Amino acid sequence: MPHASMTRRITDFANRADPYPVYEELRSTPVLHEEEGGPYIISSYYDIKALLHDPRVSSDAANLAAAGDDALASTEETGGLPPSFLRLDPPEHDRLRRIANSAFGPPHRPRRIDGLRGQMREIVTELIDAFGDAREIDVVDRFAYPFPVTVICRLLGVPREDEPRFRAWVDPLVATLDPETRRGTDADAATAAREARMQLGMYLSGLVEERAGEPRDDLLSDLVNSRGPDGSLTMMEVLSTAVLLLIAGHETTVNLITNGMLTLLRHPEILRRLREDPGLSVNIVEELLRYEPPVQLVPQRTCIADIEVRGVTIPKGSRIWLVLAAGNRDPERFEDPGRFDPDRGDIQHLGFGSGIHSCFGAPLARLETQIALSELARRLVDPRLVEDPPPYRPNAVLRGPRHLGIAFEGLR
Amino acid sequence: MAADYVEWLRREGRIVIVGASLAGLRAAETLRAEGFAGELTLIGDEPYEPYDRPPLSKSVLLGKASPHHTELPHRWETDAKWRLGVAAAGLDLTARRVRLADGDEVEFDRLLIATGVRARPWPKEEEARLEGVFLLRTREDAAALYRRLKAGPRRVFVIGAGFAGSEVASACRESGIPVTVAERAGAPLVGALGGVVGAVAADLQTENGVDLRTHVTVTALEGDSVGRVRAVHLSDETVVEADVVVVSLGSVRNTEWLTGSGLGAGPRGIACDAGCRAFDFRGIVTDDVFVAGDVARSPHALFGYQFLSLEHWGNAVAQAETAAHNMICHGAERRPHLWMPAFWSSMFGVNIKSVGVPPMGEQLMITQGSLAERRFVGVYGCKGRIVAAVTFDNARWLEFYQRQIERGAPFPVEYPTLDRRPEGRRPVDADFPDPSLPTHGPMVTLSGYSPADQQLVFHPARH
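Which chain is which? The protein sequence lines are A and F, in order.
Oh and the first sequence: position 281 is 281 in the working numbering, straight run, nothing missing.
Oh and the second sequence: position 226 is 226 in the working numbering, straight run, nothing missing.
Calculated from the structure, these hints are not laboratory results.
Among the clues, some could well be false.
Per the computed footprint, the stretches of chain F lying under chain A, defined by three or more beta-carbons under 8 Å from a beta-carbon of chain A, are [what the hints assert, rightly or not]:
id : region
1  : 361-371
2  : 396-402
3  : 416-426
Short derived list, chain A residues pointing at chain F, Cβ under 8 Å [stated by the list, open to error]:
id : residue
4  : Ala-50
5  : His-53
6  : Asp-54
7  : Pro-55
8  : Asp-89
9  : Pro-91
10 : Pro-110
11 : Arg-112
12 : Ile-304
13 : Gly-355
14 : Ile-356
Predicted model only: the values in this text are computed from it and were never measured.
Beta carbons: idealized from backbone N, C-alpha and C, even for Gly.
Same shape as in the complex, but just chain A (with noise of 0.2 Å):
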């Protein structure tokens, strides 16, 4: 064909507004390999699924770096740090993932999450108190960027005092993120990021330390001072552990707090339904990450065997993407799969991803983008989109509007 391969369309930024044109091609190929050496591309649902589960399947960065440089490889950097538990493979991957989630989640946290549900509120309604007189804003930088942020200081047990030192360091970090970006940052931008890492991994020991003598109610304390049949976390674990959590955890929740005000700006019956009705937000929230999902494919996995998938042998070694976002609109699997709909009878999807790696942060993203949206709805007097499509970042993996303007007429 006269067209640029599959790959390049995937991450070509032309393609950032609407991708799912490119996606419903790619799942004509359900396994495609364009190219030796390349990856190896899965875009129907169960295919992704099964994947997912596959025990043949690993996310061990050093098989991934032996399987040889892609389009979207490395866009994580450690900075000197051990790689966290979403690049590691079981048993090492395990024993982290249950200390870290013995900090976090239930048996041993059931109420460290719903806990900062008040906290959430809070946040919620000083950003958006602060739009103030303003009838044109940027959701971007005035809330779904701010937002997230603030939570995960709060959880990680970040004083408030320092909350606007912690953020001028993330912000120069989570640029950095994008490979798009990183390519192109001058020198100066990379001598800034490197401060910054280098700043925010003193200012994280210094709190782990104070933790590890005294502990708090929050999560470094939990972490540094986990004591359990897993045993203890060293210093590098719990720091390399808390910079997963912010930089993971951060991006992703702006791009679907970002993405759900765009959908339901292009879909006023239902923000009306939502302003009436915040308990619809658990719906809107799953479908979205049907929809829109904020990470939309994963890249670093490889086999450890030969696969096969409907008939193609993927052999051992191979890098393999899972195109999550084209799976979420498999005819095959969802009705009218184009369709945002949040009284679907069955709303499911891989927008968290399924298996061991499953999103380790989706019971606080979900409640943080609940709490945001129906706010949202409920608060802005007639909101509109500014532009449609608004500017997008350059990530392809980690998809989401860079600015999204809206206008309203007021706030209740």
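Based on the hints, put chain F in the right spot on chain A.
Same frame as chain A, now just chain F:
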């Protein structure tokens, strides 16, 4: 003609469901969801709305859930006549009538039998009546046992280390109550998972402070002068003092009420075809009587057409839905009940899950994790195929193994898997007890081969 009958049935026929628990409720809901507009009657011997049983041996015994608030959520309006608190006592197939214990009779055009099972009682009636001797099946059983556990008994004695018995022992230990468990086999869970995995369950129990006695049976329960249980006598001639005894000897299928009805019903349940239609005792399938849930025994194409009786929560739901669908559709639209057997349990902080039919397995391979760490995936093989898998704290991999079973994937598992240890390179004997030895209530029983091969041998009901 037949098509007309189905149309008439859907519009104004009378459907009776005997058994108002999980399977009965889900069947009723499915009937309405699929457009049944006729008269629907549910008959249940317990005086309650359908409720969920799995919590009764877990959170209820720990006081984390009330035994009186485990009602099953209703998914669909059933618009049914509920006859609760009265058992079915007989069936007249020719007159199409169910006789109730209170003498009343209910007529039907189509019948669904979902009477389930009950706890197998302690066989010596006088001993079973001693105060402090408990069964655990109903919410009343659970409420009574919970009250006794809360009062702080000196020692609880559990007879039988299947899943229910092990869960009771786990709840006791979590509440700090001394507990002794007696098991006829060499380890807990042997009937369901075999001796290799059973040994892990045994370690789990003893490390959590359970006084586990294996290869023993209980010979007598001893009462005091006022009729309270005070000690348990074992076949190795030891005596254990205990003021609470939980009899956990598996279950008995509720089929006595069908004696003489002409259906092929007996102690092993009611045989039915894959479309949930009951067999009569001659082995001929009936047109108007369907079966679902714990009481059913049906051939499964994936497992050599063996007749499976599955006391699994998910089976009750799936089979009820299939039965209900088949009851009100034309022959060509009927579906087979092809549910993949699956169950879960939790005990001593460990989550146990299984798919397939482990007792069919001759050999076992630990393909991920390790028995010693009690976190593993075990794969069961039979005649060169994968037939089941079990996980201890590793449930997220199970979906993969389920697909392998469905595809008849080869055993042993030759390809590498994540976290494979040296112990998992070769299969070992799964170590199930000799099926010719008597045992109580494994979760799955196998019998017969292809429906076409079945010999006409009818044993009248004997429980």
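Tested hints:
1. Residue count for the region 361-371 of chain F with a Cβ under 8 Å from a Cβ of chain A: 3. That meets the three needed, and the coverage hint holds.
2. With 5 residues having a Cβ less than 8 Å from any Cβ of chain A, the region 396-402 of chain F passes the three-residue criterion, so the hint holds.
3. As drawn, the region 416-426 of chain F meets chain A at 4 residues by the rule of a beta-carbon pair under 8 Å; at three or more, the given contact holds.
4. For Ala-50(A), the interface hint holds, since its Cβ comes within 8 Å of a Cβ in chain F; the closest pair sits about 6 Å apart.
5. Annotation: interface hint on His-53(A) holds; nearest CB of chain F at approximately 4 Å, less than 8 Å.
6. Here the hint on Asp-54(A) is kept, as its CB sits about 5 Å from the closest CB of chain F, short of 8 Å.
7. The interface hint given for Pro-55(A) is met, as the beta carbon of that residue sits about 4 Å from the closest beta carbon of chain F, less than 8 Å.
8. Hint on Asp-89(A) holds. Least Cβ distance to chain F is approximately 5 Å, under the 8 Å limit.
9. Taking 8 Å as the C-beta cut-off, the interface hint given for Pro-91(A) holds, the closest approach to chain F being about 5 Å.
10. The beta carbon of Pro-110(A) comes no nearer than 11 Å to any beta carbon in chain F, farther than 8 Å, and the hint placing it at the interface is violated.
11. Taken as an interface hint, Arg-112(A) does not check out: its beta carbon lies about 19 Å from the nearest beta carbon of chain F, beyond 8 Å.
12. The closest approach between the C-beta of Ile-304(A) and any C-beta of chain F is roughly 5 Å, which is under the 8 Å cut-off, so the hint is satisfied.
13. A cut of 8 Å between beta carbons decides the hint on Gly-355(A): the least distance to chain F is about 5 Å, and the hint holds.
14. With its C-beta approaching chain F no nearer than about 5 Å, Ile-356(A) sits inside the 8 Å limit, and its interface hint holds.
Hint compliance for this structure: hints 10, 11 are broken, all remaining hints hold.
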